[in-house]
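Keeping the supplied structure of chain A fixed, place chain B upon it in accordance with the hints.
Each chain is listed here by its residues.
2 protein chains.
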Amino acid sequence: MMPAQRLPGCRSLHVNEDNGRFVLLAILILVYLLCGAAIFSAIERPSELRARGRWNRTLHNFSEAFNVSLQELSSFLREYETAVAAGIRADSLRPRWDFTGAFYFVGTVVSTIGFGMTTPVTVAGKVFLIFYGLLGCAATILFFNLFLERIITLLAVVMKAFRLRRLRTSGLLPPGICQDFAASSLPGWKPSVYHVMLILGLSAIVISCCASAMYTPVEGWAYLDSLYFCFVTFSTIGFGDLVSSQSEAYDYQGLYRLANFLFILTGVCCIYSLFNVISIVIKQVLNWMLGKMSCLCCQRCNKANAFLGRRNAIRPGSRLRQGRFGRPPDAEGSDTEGRRLSGEMISMRDLTGSNKISLAIMQKQLSESANGYPRTVCGSSRHNGFSGGVGALGIMNNRLAETSDSR
Amino acid sequence: MMPAQRLPGCRSLHVNEDNGRFVLLAILILVYLLCGAAIFSAIERPSELRARGRWNRTLHNFSEAFNVSLQELSSFLREYETAVAAGIRADSLRPRWDFTGAFYFVGTVVSTIGFGMTTPVTVAGKVFLIFYGLLGCAATILFFNLFLERIITLLAVVMKAFRLRRLRTSGLLPPGICQDFAASSLPGWKPSVYHVMLILGLSAIVISCCASAMYTPVEGWAYLDSLYFCFVTFSTIGFGDLVSSQSEAYDYQGLYRLANFLFILTGVCCIYSLFNVISIVIKQVLNWMLGKMSCLCCQRCNKANAFLGRRNAIRPGSRLRQGRFGRPPDAEGSDTEGRRLSGEMISMRDLTGSNKISLAIMQKQLSESANGYPRTVCGSSRHNGFSGGVGALGIMNNRLAETSDSR
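Those sequence lines, one after another, are chains A and B. First residue of the first sequence: 1, per the numbering used here; consecutive thereafter. First residue of the second sequence: 1001, per the numbering used here; consecutive thereafter.
Keep in mind that a hint or two might mislead.
[Unchecked claim] Simulated crosslink set (DMTMM-like; lysine to aspartate or glutamate; CA at most 25 Å straight-line):
#1 B:K1160 / A:D18
#2 A:K160 / B:D1018
#3 B:K1292 / B:D1018
#4 B:K1126 / B:E1081
#5 B:K1126 / A:D18
#6 A:K126 / A:E79
#7 A:K292 / A:D18
#8 B:K1126 / B:D1098
#9 B:K1126 / B:E1079
#10 A:K126 / B:E1219
#11 A:K126 / A:E81
#12 B:K1126 / A:E219
#13 A:K292 / A:E248
#14 A:K126 / B:E1079
[Claimed, not checked] Simulated DEER-style distance windows between Cβ atoms:
#15 A:Q71 / B:F1261: 43 to 49 Å
#16 A:H195 / B:D1098: 40 to 46 Å
#17 A:S92 / B:D1098: 17 to 23 Å
#18 B:L1135 / A:S247: 43 to 49 Å
#19 B:T1082 / A:F66: 16 to 22 Å
#20 B:R1050 / A:Q253: 24 to 30 Å
#21 B:S1063 / A:L70: 15 to 21 Å
Don't read these hints as lab results, they were simulated from the structure. On a predicted model such as this, the values are computed, not experimentally measured, just so you know. We put the CB at the ideal spot given by N, CA and C, even for glycine.
Chain A extracted, bound-state conformation (with noise of 0.2 Å):
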C-alpha cells in the first residue's frame, strides 16, 4: 500500500506483484484470444461461405419462380428482420410477453445469459431493462457468490467429517481429547482446490448430460446441440441460436418448463462455481510464473537488497529462505493455519511457544495471523496487506488448502 519506491537496479521489477499478475494475465489472455479467432476462423469460414453461396441460390431461384426482383425481395427480408427483433418467426412460436415469457426474458436478464430471443422494443422497456438490470444482476452475482460459498461448506464438513472418521479409527486421536477441539483443529479439513474442482466438474458434466437427455427430444435438437446449448447457457454466454422452451406447444408443457428452469439455474450456478475456482488454478500458474521471474531477479541482486529492506530486520535469515523455497518451512506454516483455523482458541503448544521466544518475534507473528497469511515473500511488494486475493479467490483464499499455502 505504499507509494511505489522506485530503487535502481532489477528492484523495481518486483516492486508491485500486483500489477505485474494484473498485467502479465492481460497479455495471455489477448494471445490467447488471438488464437481462439484464428483457430475459429480456419474452422468455421469455409462454411460461411458456403453459407452463403447457397443463400444466393436460393434467393436468385425464388426471384425467377415468382418474378420478384432482388431489390422488393430485400425490402420484404427487411421487413422481416424487424418482425424477428419483435419476436415473430415464419414457424409460430409461443407469445413472447404473456407472463410466463416476459418471466423466461427477466430471468435471462439478472442472470446475463441474454439469449436475445426475446427483447425490449419499446423506449419505456429499454429505460426500465437499464434500472432493473442493474439490481437484479447485482443481487445474482451475490446469489452465485453465496451459492459457491454454501457448496465450499458443505465440501468442507464432508471432508472433515470423512478424515476425523479415518482418524478415529486408525486410533490416532486420544479417547479423552475433546471431540469439538479436534474437530477445530484438525489441520486437514480445508478441501483441495483441485477437489473442488473435480467434484463442480463433474456435477456439470452430469447436469449438462441430464438437461440434454430432456431436450434432445423434446426440442428435437441432435444431442451434441443439446450439449452445445447448455454449455453456452450455463457459461452465461447466450448465444440465443438455440433456445430451449420456445416452441408454441409441447407435451406436459408446465413439467418442462418447471425442470427447464432448474436445469438452467442449477447449471449456471455450477458452471459459475467451476469458472471461479479454475480462475484459482489459473492464478496458481501466474503466480509461479512471476515467481520464476522475480526469483531469477533476485539471486543477481539479492546482496545489493540486504540492506535496503527495512522489513527484514527481524529475521532476515528465514525470509530468505522462505524466498527460495517459495513457502514458509513445516512448522512455521502449521502453526500460522492452526491458529486461523481453530477460530476461538489457539492451540496450547502454540502459546507456550509463544512465550518462550523473544517479544519482537512475537511481534511479528501476530502481524502476520492479523494479516491472515505467513509471509513468504522474496521481493518487497507483498506487505502491504492487499495480497489476500481477489474476487471469487478471496473467500475461498482462506479456505481451500492451495490457496493459503501457496501465497
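For chain B alone, kept in the frame of chain A given last:
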C-alpha cells in the same frame, strides 16, 4: 463449520445464518423476477401484438402482390432463418469469420457477452467452443477480479493520500513521527463501499455516455438505443438485437474498431466491479434483515442461551453488548483494525495494552485478529470461521470500511 446443532426452541432459527441469508436472497430474487415479469409484460405486450399484426399484413400484401402462396413464402423464410443463423442479413454485413470477425466473436465468448451475431455452425466449431470457453471465461473472470482489486487499491491510495495531507496541514501529526509508520497505521485508509460505488457508478455513466456519443452517429442509432446497447453489452447480457461494428464498411474503420474494443473492455470491467460493489450493499441489507429477525428472537431466548453458549466463556458481557449495538465498542474496533492494517508491527500502545490484560483475553484477541474480524455476533453461527464473505465480496471484506466493521 460444525454440523448444525439442533437445539430446542428458537435457537435453531439462527443456528446457521449463512444458510438463512442464502434462502432469504433466493426468495427475494424470485419475488423480484415475478414483479419484473409482470411489469415487462405490461409494457411490451401491446407492442408485440402490434408488430404481429403489422407483419401479418405485410405477409399477405406480399403474397397477393406477387402471387406467392403463404406456404411457399414461409418455407422461403425458413431458409432465410437458416441463412441468418450463419450470419447473413438482407443488407450485406462484414464477413463473419475473417480474422477480425472471429476475434470479435471470441471476445464475446470469453467475456460471456455472447451477442449471437456470429455463432459456430460446424460440429468441430461447437466442440472447440466448449473447451475454449471453459478456460477463456475462467481467465476473464480472474481478469475482472484483478481489475476490481486494482481499482480498490488505487482508490485506497488516493484516499489515504488525501487524508494524510489533511492531517498534516491541520497539524495533528507530530512532526517527528516516522512518515512510513504514520502511513501504515492510519485507521482511515480503507475506502468506504459507498464511495467506491459512487465512483464506479459515475465512471460507468461517463463511459456509457461517451460510447453512446460515438455509436449514435457511426451506427445511426438513436442516443437512447446506444445507451441501451451500452448497458446490455457492459453488463455482459448481450441480447444481440443491436450489435456495434457490423456494417461492411465504416469511415476510419480501424480506428472505430479499436475504439469499440476499448469502450467494451473498460465498460465491462467497470460494470462488473459496480455489480460486485452493489452486491456488497445488498448483502449488508440481508444481514440487517437477518439481524432484525434473529435479535427479535434473541431477546426472547436470551436467558435460556446464557448457559448453553460454550463460547461465551471469556467475556459474555461484552459479547452481548456487541450483539445489541451491532458493532464492537470503538476502542476495541480501532485496536483490531490498527493491528490488521499495520502489516508488520502492532503499535506500542497495542502491545503494552495486551501485556496488561489476562492471558485468556489476549488469547481471544489473537484468534480474532487471526480471523481478520472481531466477533460481533449475537447468535451462535458466526464462530465457524467461514463468515469471511464470499465471491468478489471476500476480498473487499477486508478492504472496505463497511464490510469489515459490520460483520
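Comparing the hints with the structure gives:
no.	hint	verdict
1	B:K1160 / A:D18	19 Å, holds
2	A:K160 / B:D1018	19 Å, holds
3	B:K1292 / B:D1018	15 Å, holds
4	B:K1126 / B:E1081	19 Å, holds
5	B:K1126 / A:D18	36 Å, violated
6	A:K126 / A:E79	21 Å, holds
7	A:K292 / A:D18	15 Å, holds
8	B:K1126 / B:D1098	17 Å, holds
9	B:K1126 / B:E1079	21 Å, holds
10	A:K126 / B:E1219	18 Å, holds
11	A:K126 / A:E81	19 Å, holds
12	B:K1126 / A:E219	18 Å, holds
13	A:K292 / A:E248	59 Å, violated
14	A:K126 / B:E1079	31 Å, violated
15	A:Q71 / B:F1261: 43 to 49 Å	35 Å, violated
16	A:H195 / B:D1098: 40 to 46 Å	43 Å, holds
17	A:S92 / B:D1098: 17 to 23 Å	36 Å, violated
18	B:L1135 / A:S247: 43 to 49 Å	34 Å, violated
19	B:T1082 / A:F66: 16 to 22 Å	20 Å, holds
20	B:R1050 / A:Q253: 24 to 30 Å	26 Å, holds
21	B:S1063 / A:L70: 15 to 21 Å	18 Å, holds
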